[in-house]
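Protein chains in written order, with UniProt numbering: chain A, 1 to 205; chain B, 1 to 777.
Rather than coming from a laboratory, the hints here were simulated on the basis of the structure. Predicted, not measured: the structure shown is a model, and the values here were computed from it. Among these hints, one or two may not hold up.
Said to hold, decoys possible - Each computed EDC-like pair below joins lysine to aspartate or glutamate, with the alpha-carbon atoms no more than 20 Å apart:
hint	chain 1	residue 1	chain 2	residue 2
1	A	Lys124	A	Asp63
2	A	Lys91	B	Asp139
3	B	Lys619	B	Asp598
4	A	Lys91	B	Asp138
5	B	Lys619	B	Asp453
6	B	Lys69	A	Glu83
7	B	Lys619	B	Glu51
8	A	Lys91	B	Asp131
9	A	Lys124	A	Glu48
10	A	Lys124	A	Asp146
11	A	Lys91	A	Glu66
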Amino acid sequence: MLLCSLILSWSAAASSAPDATGELIAALGRPAPARTAFAEARFMQVLERPLVVSGELAWLGGDTLERHVTRPHEETARIAGGEVTQQRAGKSARSFSLERAPQLRVLVDSFVALLGGDAGRLRKAFAIARRGDAAGAWTLTLTPRDVDVARTVASIRIDGQGREARCMWMQEADGDVAVDLLGPLAARMPDAPTRESLATLCRGG
Amino acid sequence: MRTGVRVALLAAWLLALAGLGWLVVQRLQASSDLRSFMPAPTTPDQRLLMEQVGEGPGSRLLLVALGGKPEATLAGLSRGLVARLSADPRYTQVVNGSFDLGTLDTRLLPYRYLLSPTLDRQPLDEAYLADQLQQRLDDLSSPAASLLEGLLPRDPTLETLALARRWAPPRAPRVREGVWFSPQGEALLLVQTRAAGFDPEAQRQAIAGIEQAFRALPGSAGATLVLSGPGYFSVVASAQTRTQADWIGRISTVGFVLLLLLAYRSVASLLLAALPVASGALAGIAALTLVYPQVHGITLAFGFTLLGVAQEYPIRVLSHRRAGEDAVRSVRDLWPLLLTAIASACIAYLAFYASGVNGLQQLAVFTITGLLAAGFSTRYLLPHLLPAHARDVAGMPWLVRARRFVDRLPRPRWIAPLVAVLAAVLLAIAPGRFWQNDLAALTPLPADLLQRDARLRAALGAPDVRYLLVIEAPTAQGVLERSERLEPQVDALVARGAADAIELPSRYLPSAATQRERQRRLPDRATLERALAQASAGLPFRPDLFAPFVADVEAARTLRPLTPQAFAASPLGQRLAAMLVRREGHWLGLGTVSGLRDVAALRALAQGSGGAVRLLDLKQASESLVAAYRTRILQALAGAALLLVLTISLSLRSLRRAWHVLAPMTLATFLVLAVERVAGVEISLFHLVALILAGGLGLHYALFFERDTGDPAEQRRTLHATLVCVLSALLVFGMLAWASIPVLRAIGLTVSLGVAFHFCLSILMAPHARDGHVVQE
Chain A
1 MLLCSLILSW
11 SAAASSAPDA
21 TGELIAALGR
31 PAPARTAFAE
41 ARFMQVLERP
51 LVVSGELAWL
61 GGDTLERHVT
71 RPHEETARIA
81 GGEVTQQRAG
91 KSARSFSLER
101 APQLRVLVDS
111 FVALLGGDAG
121 RLRKAFAIAR
131 RGDAAGAWTL
141 TLTPRDVDVA
151 RTVASIRIDG
161 QGREARCMWM
171 QEADGDVAVD
181 LLGPLAARMP
191 DAPTRESLAT
201 LCRGG
Chain B
1 MRTGVRVALL
11 AAWLLALAGL
21 GWLVVQRLQA
31 SSDLRSFMPA
41 PTTPDQRLLM
51 EQVGEGPGSR
61 LLLVALGGKP
71 EATLAGLSRG
81 LVARLSADPR
91 YTQVVNGSFD
101 LGTLDTRLLP
111 YRYLLSPTLD
121 RQPLDEAYLA
131 DQLQQRLDDL
141 SSPAASLLEG
151 LLPRDPTLET
161 LALARRWAPP
171 RAPRVREGVW
181 FSPQGEALLL
191 VQTRAAGFDP
201 EAQRQAIAGI
211 EQAFRALPGS
221 AGATLVLSGP
231 GYFSVVASAQ
241 TRTQADWIGR
251 ISTVGFVLLL
261 LLAYRSVASL
271 LLAALPVASG
281 ALAGIAALTL
291 VYPQVHGITL
301 AFGFTLLGVA
311 QEYPIRVLSH
321 RRAGEDAVRS
331 VRDLWPLLLT
341 AIASACIAYL
351 AFYASGVNGL
361 QQLAVFTITG
371 LLAAGFSTRY
381 LLPHLLPAHA
391 RDVAGMPWLV
401 RARRFVDRLP
411 RPRWIAPLVA
421 VLAAVLLAIA
431 PGRFWQNDLA
441 ALTPLPADLL
451 QRDARLRAAL
461 GAPDVRYLLV
471 IEAPTAQGVL
481 ERSERLEPQV
491 DALVARGAAD
501 AIELPSRYLP
511 SAATQRERQR
521 RLPDRATLER
531 ALAQASAGLP
541 FRPDLFAPFV
551 ADVEAARTLR
561 PLTPQAFAAS
571 PLGQRLAAML
581 VRREGHWLGL
591 GTVSGLRDVA
601 ALRALAQGSG
611 GAVRLLDLKQ
621 ASESLVAAYR
631 TRILQALAGA
641 ALLLVLTISL
651 SLRSLRRAWH
661 VLAPMTLATF
671 LVLAVERVAG
681 VEISLFHLVA
691 LILAGGLGLH
701 YALFFERDTG
711 DPAEQRRTLH
721 ATLVCVLSAL
731 LVFGMLAWAS
741 IPVLRAIGLT
751 VSLGVAFHFC
761 LSILMAPHAR
771 DGHVVQE
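One chain only, chain B, in its complex shape (with noise of 0.2 Å):
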């Protein structure tokens, strides 16, 4: 009867668990883009961070360079590469170098008089037509010919040759067999994605799409394809953290068994005791599922760590079952501790729903659903499936010794005044900075990949990713127009070498206003026709071979300006699209700088335009924005301690025990900082979600080892569960802090010296223990 009811109550607990994770399977839709990690951007740069990082055309750019074989093959192979991209829908753009007046759509081409600023500098009249035609005839008398005969009739002064000069990219590689190669002798390519630059996920689907369209070519074998990018960067870190992330994970996992097999010696307890965390977890991504219609992934990595916690429900249980007593009795004797703790933790991660930040409100959810299931399940549903006879652990001869050892450690009263100071003199003299604001330096990449971006980047003339000059107007036309103003300043800057190439809005559309005067400056048909006929007067060029040319200045005087909106239908508008951007109610110009060397002068151009543009630092509008987070977090934390004291002090009912359960959980957390910042490390986000894991961790110790039941047998119980909870927590983050990847690392290391040192001064700090066992003797 008894063995039936438990049978019956694990199928059902079993079959709850399933239903969790159907439901879960049916509904989880996890996204990858960093951003909904972030924080609401409150100033306007770091609004524009935060669409530029998602959105910008640096950070969709991947640069591509195809090597190991003969130039011809990889031209080859580069064009091969460009056909078949094109067609995709995951790449707004994909270019090698090769000209193609395809890029200009047929319709646009009589624009290409208000497009290109010859007129600004000639009139169509004879003496230039003469000129023109002139040098024609000779280009039709060189091995050329073949190239300009088509265009001729049309386009005798090549205009459309010099529009795509000024629309090639600023600072273009080297072109052999018709496609840009670098020095080395690399094919090279520019593709843009449509995924966001930061959203890993989308990012590795766009780099799989080319290295397989690259392998799908005839001829590529034996041939290299290397990438570069902010977008591969992101896949490169993400990829590298979770390798090292999942083969520590299996390593800390065996060792965690063993390490529970070796404490209850029983493998039913062992897979039991599985399951309260299991229901936590399940019961939480559950809960995100039916709240968010998406899932951060980061959220789900960072929430299994917290979630961490839980795992000394279990253990608590089986650690203080008592000989011959049922494991229902143990757990109601343990049990307002275990809310206690429970509640605690559920109140430091609430600071992460007050942080805003939809990230960690998920987060919030997550691990506050996780810890109540888990806790519950542990409380209601564990001990009725536990075996009814379990070993007393408190009889085992070496917790026996070990306890009395514990015992008979000197506790003083000075103790707290003394590690109080020494944190506060070790964060006084710790060198450097105190918090790290720059998120990259959490998963920095190796330095090949570094140089060999900053290679290709130069090869390429690709603009850096870290400044952006940037013109704010009402309107579109009035950036436009700005930008123009500012072209002759920035042309003057690059000339003097302060930077490779700046690219301006303007550069691949003119204001409408200047398209008008460019307009008015074009002949009638008359008055062309008659200049025409002058300047071809003893030429051989056939008669009436340039009507079409005739045809498209008519056409050119009446046309509507182009807009911004009518060029993004053709290819080069959606690079224009990039750099010309609505914002409510006003539109930003965003203009790209490649190989800049003096930022100074940028910054003094900026100054003197009299806030017509302004120098964007991406990397210092991001650092501002974690240090906003951070505040954010550090507010919410304050919040969450106030509510912690007033919680402890209720549920032990006393202000005094509150404060020997407190002390050391708070003198053990600025340790932990005052000696990572000695050794030289600067404070991150990572390292406050680790100290806060800590925090709770620490807190469960020092609950337990206040709890005077004035028993030693029960002493050794809480000693056996706290020593299992703390060698397995050692055993998990100790591993990670040796990994190699600073962001598992920091975790890692904070973690386990959080560990070690809420252990060590909740042992330490505990007032009465010894005096309660000494009267029990």
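Isolated chain A (complex conformation) (with noise of 0.2 Å):
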């Protein structure tokens, strides 16, 4: 008797924390079509200086995903039935498949899977780790559970705060990152972003 209720709470214990996470993960769906203001920082090994562009991030239901640029330049990509389908200002479009590209295919799966608040895709493609703090600021950090894929990313980590998410980060292989705030905080972006002036924003400072 003692050890049965003993095994009980064991198991309780055990899967409070996915549970907390699927919550969560719950928490942050949103029905489709959603839209987001974003601003993109990307620090590369080629450049010297971050590239900055920001606009508007749209989940339009099932795996369309559109990101509209405003600026610097006029850019639309469209990401629907595995192809990328990107539309420049004076110019033809150009597609290409998503096979060709992991990161966006993480990128697909993880956003897809957030804004449909969908934890068991989520938990399919990658593994997840919450760390959440008292005044209700969390991290998600997802790694690829592909090996191929993690060949090419090595992780996304997601800040919010309560039910919303601030930041993006796409952490690949070689070093490159990715740095999307969302939402309100993409008016944030500074002029000369750092790593470090990112991960401050992005903590709610």
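Join the two chains into one complex using the hints; note that each chain is given alone, in its own frame.
Shown next, in the form of structure tokens:
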């Protein structure tokens, strides 16, 4: 009898952490179409300074994502049906397969699962670690389970507060990082961002 | 004692056959390349045709479509198939649309500035570099960044991508999930086989290899694999022909055995009678293996058909046995006539040897050896084995009545001129063309296969198999230069919609002169570094990021221009090798055409080029080849006919008797031609071969009917033998006449008609049979 209740409480304790993660993910869900402002800083090995663009990200339902950049140039990228189509002002559309860009596939997987509040899908593609503090700030770290994908994308980190995701960090295996400030935070992208200044912003500083 | 000798003889014969069989098994190397059945080409176009038929880029191309699953699954299967087939030496090129820089050897990367036309329009100066760098910066902030980042230090102007676009198929299909897809949602691939296109056996193996590789892929269960292309068609056509020939053959064999049992009521006789033909067949193949290194499959198929004449020899022996007479004596009486028949058939088949075509010469060696072996074993071996006493067929009441009926038939002298005039009139009024020059018409493909081929070909932008642009020059460089000069005109034609795409050799490799000219335009290191520094001022690129680019440009300035030989080592070089071929002392460039709509425009281009380029119509060339082929066979036949007249006249020692043998045979042959022509049949090579076979059979009927023994019983035996022969031939070839495949129908119909006409005419024109009969009565 004692043993039995011990086991029950053990299993309840063991499942409490994933449950909290699941609840958090479910809380992040939004009905499609969901739109949010974004500002992205890309730190790349080939560049001395980060590249900064801003605009609007939209989840149009299913696996369809749209990334509309308004600054510094107009550009729309649409990811749908396994294909990426890029449209730049004054140029003809270009498209390529998602197969050729594992980073984008990871982005679609994580983004769609998060906006859909689909913890199951997220767990299928990633190992998930969650950290949170008493003030309601949290960090989800997603590590790709697919070995091939992990060779290019080391991890995705999402910083948030309460029911809002504030930042998304995509850490590539070669050291490049793309940081997206989401929602109201997008307006606060510094002119010359550094990893440190962005980290502070994302923590709510 | 007598039985002991017979058993020993039979054993020795069977042992000899087994020995021949062993020799055949040891030495026989069958080939299936259809080209050895074509005459030696005489014109340059025909020579090119023969090469293209076997080795041309178009004829070795297989179109592959994978379907029946979601696109993502199919794309995975497509990639898996490419991985497996690329490692297989049976295939020289396997592409599915996935972009792979690996197609350009890394050692060749600095050559990109010499191979791509960018420098012709655009120097590598500051303005160009500034524009390109700004574009790369935009690319880096786009979702495509990860695709380009690795390429950036070495190739900031994306010259490799420009080359990849230039080398992509002229009208590439839609790319989904990274590979080609048809509008119907099938994953598409192009596979080039090493084997020649019209070698059905080698193609069968190549196709089986693709199917096996596909089935071995995980996840292929439930997915469909569809193939098309010349090689696939040749496999389908030969398989269809073989299947139909096989089941018809089985039915007619059963019928044939029943007929002989009915005619002779003796299983022993039947089995023994099979020995001469078996000996002929084995001796024929053995002779082939001794004379030729490789024996053609068609030689054997036709050979066995033509050897059917030999079945008459034992039939004659069986029918002509008299009551109480020993078989050896019956044969001795029959032999002079039988020998004449054998010699005549050999002479007719000799015509094949004189044709000069390798496959037909093999056919002649096979049939002549076979006829002689069958004939002489019928004379010297078979009679000793046959049961000493046999039933005399002459006494059978139905045969007596039949002979009486035949003898009462009117034999007007005007029958010969009447038939001749009738045949001439029929030939004159016959509709359509006399000769069928299109060999493909004899093994037509189901309409749905052809539609599928057209659909896949359009989706893949694969070249048509019929037309080629041929550029000739003394050197490979000369060909490339002419090809380059032609490019603007060809591009204009494509722009005007005359064709979907025209691919010239210079698309893959510019001439050395052009490469040197582009080299001259490349800036030196100092100039390039200065321009690069100015162009990247104010841009966030890391300093020294483009050092690999500067190094490549510097290397490109001093490279020896890329030659076809050096290029051949890379996968794309293989593609070029198929378009640039060496011919005794000069070089040919082969341009392929896809989706041709305006043949006249292409002809005009060729005519306006002053001989620099020709438009080769492979269909026309093949038809002219077939016509030349037929002319040679007809000439050889004319020679054989003369020889035949001589042989018959000498052996019968009378021109008048020779006329009675040869006239019905000749008239019947022309009557068959006339009837088929009036029925709308166009005469092909297969009809000619069948006519010769029928002629050989007809000659036997005429020879035996003409023979005057003055003995009514012997006349009855002749009728019996001839009836058995005619019925068995009608049984075998009449069945073939019902086949749905035209080549089988052509042979079946021609021989059946021939046998019927030969039989009737040789009876009606045998002059004195009735007189002899009446006298004896």
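> If you check each hint against the structure, which ones fail?
Replying inline: Of the numbered hints given earlier, the structure breaks just one, which is hint 9.
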